[in-house]
Each structure stands twice: as C-alpha cells, then as structure tokens.
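Chains as they are written, first to last, in our numbering: chain G, 1 to 365; chain V, 1 to 365; chain S, 1 to 365; chain R, 1 to 365.
Don't take each hint at face value.
Under the rule of at most 30 angstroms between Cα atoms (straight-line distance), these lysine-lysine pairs were calculated in the DSS-like manner [as the list claims (entries may be wrong)]: (1) K215/S <-> K165/R; (2) K99/V <-> K191/V; (3) K178/R <-> K191/R; (4) K307/V <-> K272/G; (5) K307/S <-> K195/R; (6) K215/R <-> K99/S; (7) K191/R <-> K99/R; (8) K272/V <-> K272/G; (9) K307/S <-> K272/S; (10) K215/G <-> K307/G; (11) K325/S <-> K195/S; (12) K195/R <-> K178/R; (13) K99/V <-> K272/V; (14) K307/R <-> K215/R; (15) K215/V <-> K272/V; (16) K165/G <-> K43/G; (17) K307/G <-> K272/V; (18) K272/G <-> K325/V; (19) K272/S <-> K195/R; (20) K272/S <-> K272/R; (21) K215/G <-> K165/G; (22) K99/G <-> K325/V; (23) K165/V <-> K325/G; (24) K272/V <-> K99/G; (25) K165/V <-> K43/V; (26) K272/G <-> K307/G; (27) K272/S <-> K178/R; (28) K325/S <-> K272/R; (29) K215/G <-> K99/V; (30) K272/V <-> K307/V; (31) K165/S <-> K191/S; (32) K325/R <-> K99/S; (33) K178/G <-> K191/G; (34) K43/R <-> K99/R; (35) K178/S <-> K191/S; (36) K215/S <-> K307/S; (37) K325/G <-> K195/G.
For the record, the hints were derived by calculation from the structure and aren't laboratory data.
Protein chains: 4
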Amino acid sequence: MAGNVFGQMFRITTWGESHGRAVGVVVDGLPAGLPFSEADIQKELDRRRPGQSEVSTPRREADRVEILSGVFEGMSTGTPVSMLVWNSDARSLAYDAIKDTPRPGHADFTYISRYGIRDHRGGGRSSARETIGRVAGGALARLLLSRFGIRIAGHVLELGGIRAKPMSFDEILENVEKTPVRCADLEVANKMIEKVTALRQEGDSAGGIVEVIAKGVPAGLGEPVFDRLDADLAKSLMSIPAVKGFEIGAGFEASHLLGSEMNDPFRMEEGKITCSSNNAGGILGGISTGLDIICRAAVKPTPSIGKVQQTIDLSARENTEITIKGRHDPTIPPRMVPVAEAMVALVLADHMLRSGFINPRTLLE
Amino acid sequence: MAGNVFGQMFRITTWGESHGRAVGVVVDGLPAGLPFSEADIQKELDRRRPGQSEVSTPRREADRVEILSGVFEGMSTGTPVSMLVWNSDARSLAYDAIKDTPRPGHADFTYISRYGIRDHRGGGRSSARETIGRVAGGALARLLLSRFGIRIAGHVLELGGIRAKPMSFDEILENVEKTPVRCADLEVANKMIEKVTALRQEGDSAGGIVEVIAKGVPAGLGEPVFDRLDADLAKSLMSIPAVKGFEIGAGFEASHLLGSEMNDPFRMEEGKITCSSNNAGGILGGISTGLDIICRAAVKPTPSIGKVQQTIDLSARENTEITIKGRHDPTIPPRMVPVAEAMVALVLADHMLRSGFINPRTLLE
Amino acid sequence: MAGNVFGQMFRITTWGESHGRAVGVVVDGLPAGLPFSEADIQKELDRRRPGQSEVSTPRREADRVEILSGVFEGMSTGTPVSMLVWNSDARSLAYDAIKDTPRPGHADFTYISRYGIRDHRGGGRSSARETIGRVAGGALARLLLSRFGIRIAGHVLELGGIRAKPMSFDEILENVEKTPVRCADLEVANKMIEKVTALRQEGDSAGGIVEVIAKGVPAGLGEPVFDRLDADLAKSLMSIPAVKGFEIGAGFEASHLLGSEMNDPFRMEEGKITCSSNNAGGILGGISTGLDIICRAAVKPTPSIGKVQQTIDLSARENTEITIKGRHDPTIPPRMVPVAEAMVALVLADHMLRSGFINPRTLLE
Amino acid sequence: MAGNVFGQMFRITTWGESHGRAVGVVVDGLPAGLPFSEADIQKELDRRRPGQSEVSTPRREADRVEILSGVFEGMSTGTPVSMLVWNSDARSLAYDAIKDTPRPGHADFTYISRYGIRDHRGGGRSSARETIGRVAGGALARLLLSRFGIRIAGHVLELGGIRAKPMSFDEILENVEKTPVRCADLEVANKMIEKVTALRQEGDSAGGIVEVIAKGVPAGLGEPVFDRLDADLAKSLMSIPAVKGFEIGAGFEASHLLGSEMNDPFRMEEGKITCSSNNAGGILGGISTGLDIICRAAVKPTPSIGKVQQTIDLSARENTEITIKGRHDPTIPPRMVPVAEAMVALVLADHMLRSGFINPRTLLE
C-alpha cells in the first residue's frame, strides 16, 4: 500500500510534486468546533517558505494556502479539511539535464528503480516542496493542541558541526525566529551563518541537528507495544527528507551512560509527581511521563552541491559526471524546523485523540 | 487505537505479560506455500532466551514455541499463524515490593498513569518478555526473506562505551554467536564482558549500540512520503524496549559531514549500478538503493540496578527509596540482537509484500 | 494485506482452522478496568456450540475458553486479551474424499484458487468453527457495551421460508433461547423445526434470516462518509460465512416505499427527541439516531447436503459427482444468532471508542 | 478515527461539502505507468452530473475535473493523484429555513448530534455531491481494471416498484445510457419515467434497486475471514447515501432456497472450470470464483419531498412542520448507477492489488 497517509485518528494525506500544478493536504480527523482561518495556516507556511535569506534557496513563491473544505463560519465541522498551495515559480527547464543522470544523494535513482518513471522536473514528489502539506496539516494539529495546553518549539541545535549551548524552552521560543539559521543561541547562530555562507561559496553544503521540544503533554500518551509515542515520533521525523537519525532524551548518549546515571529519579514537587532529571526525554515504556518531550533529528548536508560529482548515465549505462544547476539551500536544518515541529504536532494530536484526551467528535461540549 | 499490531501486509499482533500464562503472536499475511516448522522458530527464540550467560538474567525458561494454526503438512496455508510460549518460571512474589513505588527508568509509572491499573508482577506487558512474540513472528519473516535472497545480521557494535572495530557482513555472521555479548570483534568482546561483569558487581548497568545489516534487498523498496523504508525501520527499532535512538547509514555523523563527503557517487560495476560508498545506508528518498541496509539502535543501560534509588510512593504521595531485587540483565544489547533482527525482518517482509516483490497470496506458482 | 483483523479501536485478530490444534482471538483495544472472567466468554461460546439439538450438527466439543493475557486480578489491564479454544473432536478422516473434489457452495475451490494449497480436513479456515474467535471477542465487546447501557438481541426472523410475527425487544430476549431454532415467536418456531427436520431427512437444507437489534445506542455514532455505522455493520455481517444479504431498517422494502412513507418524522416525546417510526433502522447519514438499530442478514441454506451433487475432479480436470459425508447443521441461522450478535457488538464497541463515547485508555476514572 | 479514507492499497480520501468551495479526492496507490487524462475522469463525472433530465435535480453544474498531481507526460507516476471540482451553482439561501428544523430522512439531525455544528447550506458533507470524489477515484480504478480485462456495468433493476426483466451484460452496456432512468429494459424504463414523473408532481419520491455486475474478475480475489470480497463490496455500496440494503448473487432470495437449489454445481467447460449456475454471485467463502460478480443495492426514496412533514425545532425543542424547498431528484437510483459502479471498481482495484494480481509499484515492466 502506498504511503502518503500519516496518522490514525488525526490523519493527513499529502499530495503534489515540485513542478506539478499544486501541492496540498487533506486532514481527516480534526474534531468539530475548532475556530481557524487561513491566517493560522499561512503563518506556519511562511516559516518554511524558501527565499527568505542567504542560507536558503532563492526560489520565491508566495505559497498562499487556500482552504477548500471542512470549515463553516470560521469553525471546523468535523469533515475533512482540504488545503492547497498553487505552484507558481517552477522553472523546470533547469532540470532537463538530470533526466538520465541521477544526482548523488537524491532520490532520482530510487524513484526510477521503483516506479519505472519519474517526474524529473526537480525532485518531483521527493522534493522538499512536498513538506508544504505536512506544515499545513501540522498547523491545524498545533492549533488543536494549544487548546489543551501543549506547546511545541523547534530549533537548530547544531549546524555544520557548530553546536548551540543549552537553552530553555522560553529562550528558544523567543530567539528562534530572530536569525535565518533558527538557532536560539544567537552568538552561535552568527558563526553558523558564516560557516554556511563559506560552504556555499565553495559549492558545498552542511548538515546539522534539529531539536523539537513539546511542553504540556499529559502523562499517559502512547500505545505500547508498537505504537509507542517515541516510536511514532521517530517515524514522523525520519519520514522528512534528508533525516538520517533520530533520538529522544539522552538518545545516543544513553548508550554510554550507566544505569545509575541514566535513570531519572521520581520526585514529589509541590504535590505533583515529576522527575529530577529528564534523560528519558519525557517518555518511558513508550508512554509520556508528563515531562517535556525532547527529540532530535540528524540532518544530512544538502545533496545538491555546486561541485562536479560522479554519477552514471542510465540510458548509456556508463559512468559520467554531473554538475547540478538550479537554486538550492546550502543547508537544510533552518527550513526544516517548522516541518519537524509540524510532524511532532501531528503525532501528538493523533495520540491525544487515540488516548482519549481529546474528544474526536467535537470540542463543543 | 491500541498499538499491538505491527505491519501492513506482513502483520503481527503480539500479546502476553511477563507473569501471565503465556506470551504469543499471530502472524497475518504470510503467503501460502512456505515450508516451516517449530524448529525454525525455536532457533531464533533460543537466541533471545534468558539464562544463557553471566551477562544475562539467570531467569531460566525453556521458551518452547507451539504453532497452533496456519500450517498444513509442514507448509503455510495463507491463514494466520498463531504461536505461543508458556510462561513457566514466573516468580511474582519478588515484585510485590514495587506495587506502589515506580522503578526509575521503567514503565511502572507511565502504565499506571495511562491505564489506572498495572500488572505489577514484573514488567507485565512492558517486560522484555513481550519481545518473544516479535522474535517468533520475525523468524517467519526471515525465513520468507531468505527465499528471496535477503539475509540479515545483527551484532553489538558498542557496549559500555567500548566500540568494536568495523567488521564485514560475513565476519559478523561467523563471529556473533561465539561470545555472550554478541560482538563480532572477539577481542573487544572480551573487554565488554569484563566491563559489564564489573558493573554488575557494583550494582550498575551498561548501555550500548546494536547494529543490523540487511544484504540482498532489491532496489525499489519503500513507500514515500511517510512509509519510507527508513522511517518504518526507525519505528520498528524504536518500538523495542530501552531503545533511545536510531540511525541509518552515516546517521548522526551525517550532520557533521559536507555534502561532497556525504553523497554516495553512483558507479557502474560489472554492468551493474552501485555506489562507491554507502553513507546513505542503502536508502535514498525512503527507497532502497540495492546496497546493504545498515541501521543502528542506541540502547540505554538496564534500568533495574542494584543500587538504592530515589522514587515516590504512589499511595502516600511522598518521596521514598527503592532497592530493586529480582534477576536482571546487567546490559541489554546482547539479548536485543535477535529482537532487532526480527524487527528489521518484519519491516522488510512487509515492504517486499507491499511493493509487489513477493506475491501475497502464494509462493506456489 | 491479509484480512484476519477486524475493527479499528476495538480490534480483533482471529486465527485457527477447524482441524488444527486450536482456534482463538486476540482482542486489542479493550480499555483497562473492565472486570471479566472466563465465565463471561464461556456463556456466549456455549450458545454457538454445536451438538445442542436436532437442528444442529452432532459434532460435540466442550469448547472451553482459556484466557491467556490482558487480565490481572479479574480486571482488564488495557493490554491485549488472548483467548483460545482447543480443538478436540476433529475427525479429519471423513474429509479425505473431498481433497480433489470441491464441494458446491463451499470455499474449497476458491481457497485452492487463491492459495494453491488448502487444509482439506473440513473447511479449514473457511469452517464455521472460525467464528469461535468472533464470539469470544464479541463477548468482551458486549460486556463493555453493557456498561454504557447498550443491549443487543438477535433472533431467527425467518427459516425455510417461514417467518416469525413481529416481536418486541423484550419478548425476543425472553424467548429466543427457549427453542433450538432461536425464533422468539414460539409457535412459528415449532413449524420451523418441523420444516428443517423434514429437510434433513430428505438430505436437504434450509436458509433463513437473522435479525439483530441494538438498544441504547446513543445518537452520534458513525464516521461518514465511508465508515458509516450501517456500512460497517454491513461488512461485519457479510463477513460471516453463508451470509448473502444485509439490510438495515426498512431495508429492501425501502426500495418500494414512497418518500412520504419512508421518512421517519422527528418528534418531541417527554422532552426528548425521537421519531414516530423507525424505517431508518436507527441510522441516518451513517450516524446513529438514538433509536433502536435494527439489521438483518440473509443466510443461504447449508451447502453440505446429503444429496448427490455435480462437481469436478481438480486433478483429472473432469466432471464427477460428490456425496458429502460428515456431520452438518441442516440450517445455519439458529447457530448464527450469537455470531451475528457478536459482530454487531464488535462494530458498536469499535464505534463507541472511535467516537469518544468510551475512554480508550481506562474505565477507572 | 474519521472515516473519509476508503481502501487499503488503492486508497481514496474524499473531501468537500455541497456548498463549500470545491469537492475532491486524493487517490493514493495508483501504480505508475497508467496513461490517463482528464477526459477519462470527466466521462464518468458527466454521467453522475445533475441537471440531465426530468428525473433528476435541475441544479446545473459543469463539474469539470482538474487533475493537480500524480501525472507526468500523460502517465501516472505512482504518486498521489489529487483531483477537484469547483462548486459553482451553490444557492445556499434556499437552505436557511432548515437550520433548526432537521429534515426527516436526512442527516441533519445526526450531524448536529455528532458534531455539535453543521454546515446547513444543503446537505453539507452528507450531500450526494460528496460522491463526486468517489466517481473521480473510481474512474481511475476502472481504467486500471480495464487493463486487466475487468469490465463493470451498473443499471437500475427496479424503480418505484417496477422491475426490469433480466438482461445480459452486453445488453445492459448497450442500453443503459439510452434512457434517463438507466434501466436497460427500455420498455420498462418508460414506465419508470411515467411513475417517477407522476410522483414528482404529487410532491413525492420513489426508491429502487441498483445492480452492478463485474465481468472478468479472476478467481482468487478476497481476504478471509473479514475482508471477504463480498463483505468489502457490501461496505462500499452501503456507504453510498440512501442505500438501505445489499445483496450478492441470490441474496435475500437465498434465504428461501433449499441447499440443493442454491449450490452452484462445478463443471468443466471447454477445459475451464466454471459453474452451471451463479447463485453465489461470483463469490464463495469471500473469494471470487471467476464467474460474474453480481451485487445489488436497495435505495430508499429521496427524502426531500414536496409535502408538508412533521419535524421538530431544535432550538425551541418543540414539534413543528417543514416544507422542503430547493431542487431535488425525485428518485436517486438513476444517478446512483455511476456511483455504485465506482465503488465496485474501487473495491476490485484494491483487491487486485492486495491479492498481487496487479503490481503495486508500476505497470511498466
């Protein structure tokens, strides 16, 4: 079965190619009674939009969302919400060269292996433009979660090997949009910009790490043994193009710790149950503890680089070289932040519904 | 919806608690025409069985599998295969002490938060004993895959901070069962054993990294944009108890690399398409490339340790301490190897069916 | 994907063949906090058990259910409930004759067409014995529903062309178990018995109609546009062996009515909204109205008859004849009643959870 | 979980309300390599379009489909196909009167019961306009099936109590579009038209029976025990607005037959296995036999009638009356024919993929 549907109770279906007529999403499972408008969606789309700075692709698109169904007099009705964004600035000519020469690090080769045909005007379905549907759907998930006290913040923790110092949730929220690299540590952010700018000039690119934190998630979310909350978060972030790793809480660092260091002691604080540390990242046994959920995605460097690269000619079946033209982000993490937040929001909304914390029919009771 | 079903076309449902009557699995989606017997399943179960060495729990269970349906005259019939293992050595008395004092790092607290009731005789459903169903189901997946030339090997790459040197697929296969820590680098394996033994004596525990490699996977497996092969692998490994991180190919290391270092150049070799490196770990754009699939899971140290730990009393709602008794592995990765292999096999079998590489009805054509 | 899983949030997986070792079910999605015991399940299994009267097969099995997981100190824990019944009286010798000669009206031919292999000892998976898992799972669904005021009653409305007069819900409940044909109209029941007994002596069999009524279902259940409550009920009953038709409310009769006859007028009665008729059968637009849900299944006559029948020899690929031996019900509807009730209970429990009328985590709040 | 997704491997998600901006569908699971264009979709949409005759609503809409994704150079690429139709002639003023007075036989009351809010401009999501998405998705399913020799024909078998005489598959195909009632028995068709026209003048409406036949379906399709082909067909047709009953083959008539009458004898004919009758309607044990699949839907009379009807006032919570204005079909079956065909096509395409008769990746091999 094809894999363009995500979620069980808050379920999105995304569609669209980078150089087709439009991209979009259908959200099935938004409860009735949530007030929302195109502005709520647009705000998130604007954050992922290209052409915003020197560290992102100069491709410019307005990316205006249109809501086509599921809302009546400004309120969700419980029926599917269909949203789309028209593709306007799609210069496909630049891509003709790559028809038969798969770009290293891209999905060109695997799409042709799988389907026997590929929309070679840009990445087609494998383009990051696909994530518009995720962000639009995630904006609704986020709005829904905010009604239940759940807030989500993402930021670039590391870029080109440069790592930010630890920041609080509120600092992240306050700073993250102040710099095009979306690093809340503003000093480090400047170094990241320098690094990426230098790499771009060399025709190269950088990877990094995106972290997402969710605050206010109640204890008791997650469906063992397979649909653990952390397993679903892993899938959600690993499904974003260019992500090569996922971790929760102490993550890979946990593999080096002793049990006595890793275990978070339970404590009573002001009459409430909490832990005096959060190495678990807010999840034990696949179920939320009530503490912050903290997860990270490792992002590879942009595969489109300016250097000459080795590849093959699929028709001639011989070795050749390729030089990629077109407009590309020299690094992906900054623009991935709203996408990663959207995916986390989708998973949390889905589990809030699955676990009965949100009434799936209606909020009007 | 509850989360004890895994997979779409090769679908398992597992059930059972550590101290209930039995644990088991129903496999729905095994094509007709596969010859198999209890010995095929037992072989894998024996690998995950406790009581095998000083680095694992002394709990001893025969763990004999019984196949109850889905097979006729030694061959699968296309109907569900139900398998179970009776629980025999379940000393629940040792667990009475933990009824009201959630063990740090365990799921005691989250289960009670979620369900309002918990089978406190051991981990109940959150016990590693749950993985018997996964291994039994995975054994069938593995057998099916072997018919199509796919082989899977897992090993402990790192334990207690000690890392093995790189080993080939064949070396891993040859060495991994020679040592109780399942590290194919036998010299390093001895150091790991020393480390873990020392930690056990101190009442502490160690984490590590399990790596699984799949060889012979055809190009074209995976269902973008959400059911990417790597996203499903991530979910599968992250759903195993104690796993805190996942990575594929270069993984987190990819976040430090340059694009020119990360991209795997396509090359023709002896008339076949391949890549001269495999930083991608065998997957691009969520679809297999035909190269080895290489993924890793970060495993936290065993949460059950011998030291006194801080926790709370759920009834009195006050701080208290706990000293965990009972029998426990001082480190999890060695016994996780067959479980991780099983999960990878389940994902690959599912995608081989989903992508049409295996006829879902029958192999008898 | 294979089809042995039913339901979304209250989800059962059934397994087992008529002449295998056992048959069973795993229930995933039963909320924690429901007290139950084997007696609750056994009660329903006893109703579907063969060998109860002259109108059912003389095959005798104790059909004792064993609960293997998901319950602790007499209460559901929110984890999967695995239940099985061992097969004891399975005389497979009688079936050797049918290996190569598919029985008309049975699934012998289609199973071999599909899978290329068939467990020919009896119906295998296509045997009515498969319904044990449904009834066991349905017993839990029913118990859950009863906590929310929902009661379900099934009865044989028609048998061998003889139709019962209309009976009230309470009359049905009171009378249905008083007669082996499970017809609440006791006078008509005797005529049915005569008819079926006569047909059995002629080596023939009879069909009939089973009706199921659910009382106490709240308004607002059902998930348009595809997972309408009536569509899911249709699927549930049509999935029972031998069912050839389904209808809700006025059903096929609705096709002859005028709009002015069919429409149920809404009325206020004692401050509550109701309808002065119930041609809709309790469902409008796929969503429950709060009135009784009334649905019917058309059941074909037992395909196993004593007469000589035309068929083919699959090996020789030529025409031949078959005379079926063994023990068979001369009519199916009486024994189908508990199965049909179970399927309706499964659908309603699933939708009560899907629509948020039941907390999916726990009843202990 | 919300219910706007249908199918497993050929999966559609529909969206849109009668008086919203547009209605549409996303098809996920169409294999790559199928040539198609908007004309293929438009052809089917034109058949369901209103305003075509005196027996259908005078509401006139061009209903031009736009394909937004999933196609490249005239061929499917394996990515989701998004299609929409803009709503143009949506006179919502006529509906203000019904805001608080639920129309008998309509979903007004149940939608408000469920969601607490309702788009009262016409039926909203419960309008037959919703079926545009089904027909558009079904057109692709049909096109796919035709590549594998499967043809589907629907017709009105009965209308207002008047029944057509039996017709062959080819006669149905030839005649069905010759008359606005879509009855292939052209003599009877005229009587149907007279009847319906008379009823319309009286302000009343008629029901009927729609039959759909599928030819060329291979033996071996269907997934016991729950996802039987007939169970899925039942769900598909019962999910269409106004359908109150479903039957396959002999259907309800089977309940009156003897086993010796009902069983279809297997026969060899010209070296091929067939049956000398088809009471089974092409399905045994939930799996196709290779004979024609024949199923029927009982359709209730249009609930919107011109007569004064009793209802309630939801605000005042008291009895009142309603006279429905606006434009409505006096009978539904003629326009339901293409919808029912689409649903059957969707089920068959889904099962052809699920059973491995069609490669889910690509047709280009």
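| field | Violating hint indices (sorted, rising) | value | Hint check: 1, 2, 5, 7, 8, 9, 10, 13, 14, 19, 20, 22, 23, 26, 27, 30, 32, 34, 36 fail, others pass.
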